[in-house]
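Asks: Taken in order, these protein sequences are the chains called A, B, C and D.
Note that my numbering numbers the first sequence so that position 4 is 4, with each residue one more than the last.
Note that my numbering numbers the second sequence so that position 217 is 435, with each residue one more than the last.
Note that my numbering numbers the third sequence so that position 71 is 507, with each residue one more than the last.
Note that my numbering numbers the fourth sequence so that position 14 is 683, with each residue one more than the last.
Hints may be right or wrong, so weigh each one.
Unchecked claim - Straight-line alpha carbon distances no greater than 30 Å define the calculated DSBU-like cross-link-like pairs of lysine-lysine that follow:
hint: 1; chain 1: B; residue 1: K235; chain 2: B; residue 2: K387
hint: 2; chain 1: C; residue 1: K453; chain 2: A; residue 2: K121
hint: 3; chain 1: B; residue 1: K339; chain 2: D; residue 2: K742
hint: 4; chain 1: D; residue 1: K853; chain 2: D; residue 2: K686
hint: 5; chain 1: D; residue 1: K737; chain 2: B; residue 2: K339
hint: 6; chain 1: D; residue 1: K736; chain 2: B; residue 2: K335
hint: 7; chain 1: A; residue 1: K14; chain 2: D; residue 2: K853
hint: 8; chain 1: B; residue 1: K342; chain 2: D; residue 2: K672
hint: 9; chain 1: A; residue 1: K17; chain 2: A; residue 2: K170
hint: 10; chain 1: D; residue 1: K672; chain 2: D; residue 2: K712
hint: 11; chain 1: A; residue 1: K184; chain 2: C; residue 2: K576
hint: 12; chain 1: A; residue 1: K184; chain 2: A; residue 2: K169
hint: 13; chain 1: A; residue 1: K121; chain 2: A; residue 2: K156
Said to hold, decoys possible - Quick list of the computed label-pair ranges, beta carbon to beta carbon:
hint: 14; chain 1: C; residue 1: F496; chain 2: D; residue 2: G866; range: 33 to 39 Å
hint: 15; chain 1: A; residue 1: K5; chain 2: C; residue 2: K453; range: 45 to 51 Å
hint: 16; chain 1: C; residue 1: H505; chain 2: B; residue 2: K402; range: 50 to 56 Å
hint: 17; chain 1: D; residue 1: V863; chain 2: B; residue 2: P296; range: 26 to 32 Å
hint: 18; chain 1: A; residue 1: P192; chain 2: C; residue 2: G567; range: 44 to 50 Å
hint: 19; chain 1: A; residue 1: F35; chain 2: C; residue 2: Q662; range: 17 to 23 Å
hint: 20; chain 1: D; residue 1: K900; chain 2: B; residue 2: G401; range: 45 to 51 Å
hint: 21; chain 1: A; residue 1: I214; chain 2: D; residue 2: N677; range: 31 to 37 Å
hint: 22; chain 1: B; residue 1: K339; chain 2: C; residue 2: K568; range: 43 to 49 Å
Calculated directly from the structure, the hints in this document are not laboratory data.
Just so you know, even glycine gets a beta-carbon here, dropped at the ideal spot from N, CA and C.
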Amino acid sequence: MALSKEQIAQRIAKEVKDGYYVNLGIGIPTLVANFVRDDISVEFQSENGILGMGPFPFEGEEDPDLINAGKQTITALPGASFFDSTMSFGMIRGQHVDLTILGAMEVSQNGDIANWKIPGKMVKGMGGAMDLVASAENIIVAMMHTNRDGESKLLKECSLPLTGVKCVKKIVTNLAVLEIIDGKFHLLERAPGISVEEIIKATEGDLIVNGNIIEMKF
Amino acid sequence: MALSKEQIAQRIAKEVKDGYYVNLGIGIPTLVANFVRDDISVEFQSENGILGMGPFPFEGEEDPDLINAGKQTITALPGASFFDSTMSFGMIRGQHVDLTILGAMEVSQNGDIANWKIPGKMVKGMGGAMDLVASAENIIVAMMHTNRDGESKLLKECSLPLTGVKCVKKIVTNLAVLEIIDGKFHLLERAPGISVEEIIKATEGDLIVNGNIIEMKF
Amino acid sequence: MIKKTVANVREACEGIKDEMTFMLGGFGLCGIPENIIGELVRKNIQNVTCISNNAGVDDFGLGLLLKKHQIKKMISSYVGENAEFERQMLSGEMEVELIPQGTLAQRCEAARSGIPAFYTPAGYGTEVAEGKETREFHGKMYVMEKAFEADFSFVKAWKGDEAGNLIFKGTARNFNPAMCGAGKITVAEVEELVPVGELDPNQIHIPGIFIQRIFQGEKYEKRIEQLTVRKRN
Amino acid sequence: MIKKTVANVREACEGIKDEMTFMLGGFGLCGIPENIIGELVRKNIQNVTCISNNAGVDDFGLGLLLKKHQIKKMISSYVGENAEFERQMLSGEMEVELIPQGTLAQRCEAARSGIPAFYTPAGYGTEVAEGKETREFHGKMYVMEKAFEADFSFVKAWKGDEAGNLIFKGTARNFNPAMCGAGKITVAEVEELVPVGELDPNQIHIPGIFIQRIFQGEKYEKRIEQLTVRKRN
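Take these sequences, add in the hints, and give me the full structure.
Replies: This is the structure:
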């Protein structure tokens with residue numbers, strides 16, 4: 001069965017290592033925080049200006065001056081710090097953030113990503129995504145493998161306006177975990193009960209399948 | 219009689235207007251603070267990271283963490299702020315400082331200034347002077363009109379390595395107040411008892427003398 | 437000490453005119469200059485260009501100016517959460533320039549700091565870089581971005597003093613500091629205006645030199661855009 | 670919370686080697702990493718390049734490394750007040766690159782912030798601009814300056830916590846913040862190391878993300894270079 005959004009987040013959480021500073025995008029990436037092992041030290045950065053972001057506040061304790069990049073009310077953990085947008089993107093461009101997790105509408109086999117615009121239809125803007133993908137050394141994309149019409153979102157070339165070029169390293173979809181190496185998707189893991197053939201069918205871009213592909217366990 | 223260093227500072231102090239943020243260089247410029255009218259509001263910036271610099275501390279109250287750009291112990295006035303070097307030079311380059319007063323070894327008639335290096339002899343460095351002269355809209359140079367050998371320091375062209383080009387607007391020397399307009403020195407005022415002829419003799423660069431030159435009063 | 441206090445929001449906004457370019461601090465509805473925005477609406481300034489990370493919501497923040505069609509052009513990084521905005525943009529009633537968020541911040545700070553241009557990797561290879569110079573440094577490609585030019589910067593701080601010194605709170609800081617001193621005139625509204633000497637000079641986020649006018653806002657709604665809470669167990 | 674504390678200055682300086690490039694905070698003798706400098710002298714690291722606004726005095730600060738001929742090259746803005754320095758420079762024993770002070774600060778911050786290059790008016794038309802690209806913006810000439818590259822940044826703060834968060838005091842702040850995160854590894858020494866949670870997150874000057882190692886210095890001499898006082902009347 002294909003992974004739920006929570007399971008995608010759960011699988012991505014395994015990529016979060018001790019000592020990492022992590023930036024989580026809106027949507028599925030935000031859920032990753034719930035699944036990070038509690039025996040490792042990790043700090044979450046939100047690009048609107050906080051390091052050491054904590055969970056949502058208890059009811060009645062929300063502070064309008066304390067939100068994350070998704071505009072949600074949050075809390076600050078001990079050791080947290082606040083800073084302005086310039087310093088925040090200095091952290092990001094300067095590669096001080098160890099891992100960036102974000103969503104995508106399309107990813108291409110050379111690592112291009114599109115997630116900010118559908119011409120003539122939806123134009124919300126790139127927010128901090130262009131800075132993040134242009135800078136981060138370690139980017140994981142959380143996304144559905146196909147769109148509502150069943151068309152692949154893992155493409156030879158992106159059809160939508162790009163957010164960044166040759167930047168995505170790893171992708172976790174509802175069907176699989178994939179890596180991008182030398183301009184091709186490489187299948188690493190498959191969702192429980194999903195066959196390699198189903199993944200091949202759902203992937204428009206070149207997909208390399210090497211040896212036995214392990215099934216994720218939850 | 220030629221002006222004393224204190225009198226040069228005293229004359230320059232008249233150029234300091236209400237509401238000015240002022241950066242004072244080392245030497246004579248530092249003395250200007252003592253002569254600013256006390257019925258106007260002025261704040262002194264020191265480029266090592268303070269705005270609202272006050273007088274020297276009382277004996278025994280000196281703080282090693284509180285110095286000016288001349289490395290002298292100072293105090294902070296109410297309303298002062300501390301900041302880092304990047305922000306400090308942001309203030310300077312961004313033309314938020316209204317007036318810069320600094321010393322010079324040579325000034326040329328097109329407004330070039332040299333004050334940081336005598337090749338093979340003295341190389342202390344430019345410190346913040348290059349940033350200041352390249353950025354400030356309003357620069358006053360405090361200097362002796364001639365060197366120890368009686369040679370003019372107001373030249374057609376500087377002989378020493380430059381600190382900045384076409385930046386000096388006004389010069390107060392021990393002999394005169396001069397302005398630089400269209401590539402020429404213009405005599406504005408003369409020191410008490412100093413004749414226009416003496417100033418012409420002491421000035422190597424082109425000097426325009428128009429009408430009656432008033433004598434400074436102290 | 438050079439005093440920057442003005443009596444109220446009307447005095448603070450003197451000199452604003454149609455066709456001007458404004459910078460406005462805030463991220464979403466967090467840390468926006470609420471009282472100044474109210475005055476811009478009241479004065480019905482027309483055809484302005486706004487540099488602001490977001491565009492408010494339909495009935496708060498810059499959304500109030502949008503509704504009255506006061507905005508000719510928006511320069512922002514993210515304009516979701518605002519149906520009227522999307523409508524005016526897609527219909528072509530309003531011009532919109534979308535740029536990366538870090539670039540937006542840095543172009544403000546560059547304007548404040550006398551840096552006319554700088555290089556950033558953000559947007560390289562995308563339509564954001566079209567028509568801009570690109571260049572390689574150490575094997576990586578960068579885009580040259582220029583300092584903004586604005587007539588007014590409007591910012592909101594938590595505390596301020598009569599000398600114009602500012603302290604921000606929490607994530608309401610965001611774009612406000614970078615905009616201070618970036619426009620020709622910077623107007624700061626604060627929740628609490630304190631006498632000079634009350635703020636620790638070590639803790640001032642923005643020195644008063646960058647601020648031309650400061651006043652205490654009459655009231656602050658501080659609306660929350662996405663209330664998210666945990667239940668107590 | 671990610672812990673950055675190390676036991677002492679020896680642990681803090683692990684991995685430093687001959688021929689490396691170091692950034693060192695401080696202005697004159699104010700805010701210099703005294704304990705780290707002591708360790709660099711003790712370890713007798715050779716042929717290092719130091720990026721530091723000044724070079725200490727004959728018997729304190731970087732002057733201690735100079736005396737032992739440990740420095741191959743200095744990149745500074747002002748090197749007066751040091752006779753031995755002037756001797757080594759004029760005799761050619763040591764290479765010296767003098768650059769404008771604001772450029773020095775900005776090249777550090779650029780390194781920290783992923784900005785490979787920027788334009789500044791400082792030094793245009795002088796020997797500082799020789800061999801560098803120059804360019805006009807809005808009728809004024811600017812010099813292109815590049816981000817520094819350094820192996821270690823050594824900084825000194827007033828207070829710090831185990832997460833590496835730093836607060837500076839007075840004008841001892843100077844170049845220290847810009848250097849945090851600008852070298853591959855940043856080592857911070859502090860006068861007082863406090864448990865996590867004691868520093869107000871609103872008042873932190875440098876977030877711990879920029880710091881890899883932090884320790885409390887054994888002692889601080891904090892020598893005054895130019896004692897200037899007023900008499901009480």
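Asks: Each hint should be assessed against the structure and marked as holding or not.
Replies: To see whether the hints hold, each was checked on the structure:
1. Restraint check for B/K235 and B/K387: the C-alpha separation of about 16 Å stays at or below 30 Å, so the hint holds.
2. With a CA separation close to 34 Å, the supplied pair C/K453 and A/K121 exceeds the 30 Å bound.
3. With a C-alpha separation of about 19 Å, the suggested pair B/K339 and D/K742 falls inside the 30 Å cut-off, and the hint holds.
4. Taking the CA atoms of D/K853 and D/K686, the gap is near 13 Å; set against the 30 Å cutoff, the hint holds.
5. For the suggested pair D/K737 and B/K339, the alpha carbons sit about 24 Å apart, so the restraint of at most 30 Å is met.
6. For the given pair, D/K736 sits about 23 Å from B/K335 by alpha-carbon distance, which is consistent with the 30 Å threshold.
7. As the CA atoms of A/K14 and D/K853 are separated by approximately 27 Å, the hinted pair is consistent with the 30 Å bound.
8. For the proposed pair B/K342 and D/K672, the alpha carbon gap of about 41 Å is over 30 Å, so the pair is violated.
9. For the suggested pair A/K17 and A/K170, the alpha carbons sit about 15 Å apart, so the restraint of at most 30 Å is met.
10. For the given pair, D/K672 sits about 26 Å from D/K712 by alpha-carbon distance, which is consistent with the 30 Å threshold.
11. Only pairs whose Cα atoms come within 30 Å are accepted, and A/K184 paired with C/K576 is accepted, the gap being roughly 21 Å.
12. Simply put, A/K184 and A/K169 have alpha-carbon atoms about 11 Å apart, close enough for the 30 Å limit, and the pair holds.
13. For the suggested pair A/K121 and A/K156, the alpha carbons sit about 23 Å apart, so the restraint of at most 30 Å is met.
14. At about 34 Å, the CB distance of C/F496 to D/G866 agrees with the hint of 33 to 39 Å.
15. One distance hint, 45 to 51 Å for the beta-carbon pair A/K5 and C/K453, holds here, with the actual separation near 49 Å.
16. For the pair C/H505 and B/K402, the beta carbons lie near 54 Å from each other, so the given range of 50 to 56 Å is met.
17. Range check, D/V863 to B/P296: about 28 Å between beta-carbon atoms, so the 26 to 32 Å window is met.
18. At roughly 48 Å, the beta carbons of A/P192 and C/G567 sit within the given window of 44 to 50 Å.
19. Look at A/F35 against C/Q662: about 21 Å separates their beta carbons, and that is inside 17 to 23 Å.
20. Look at D/K900 against B/G401: about 48 Å separates their beta carbons, and that is inside 45 to 51 Å.
21. For A/I214 and D/N677, the hinted distance range of 31 to 37 Å is not satisfied, since their beta carbons lie about 46 Å from each other.
22. Range check, B/K339 to C/K568: Cβ separation about 47 Å, and the 43 to 49 Å hint holds.
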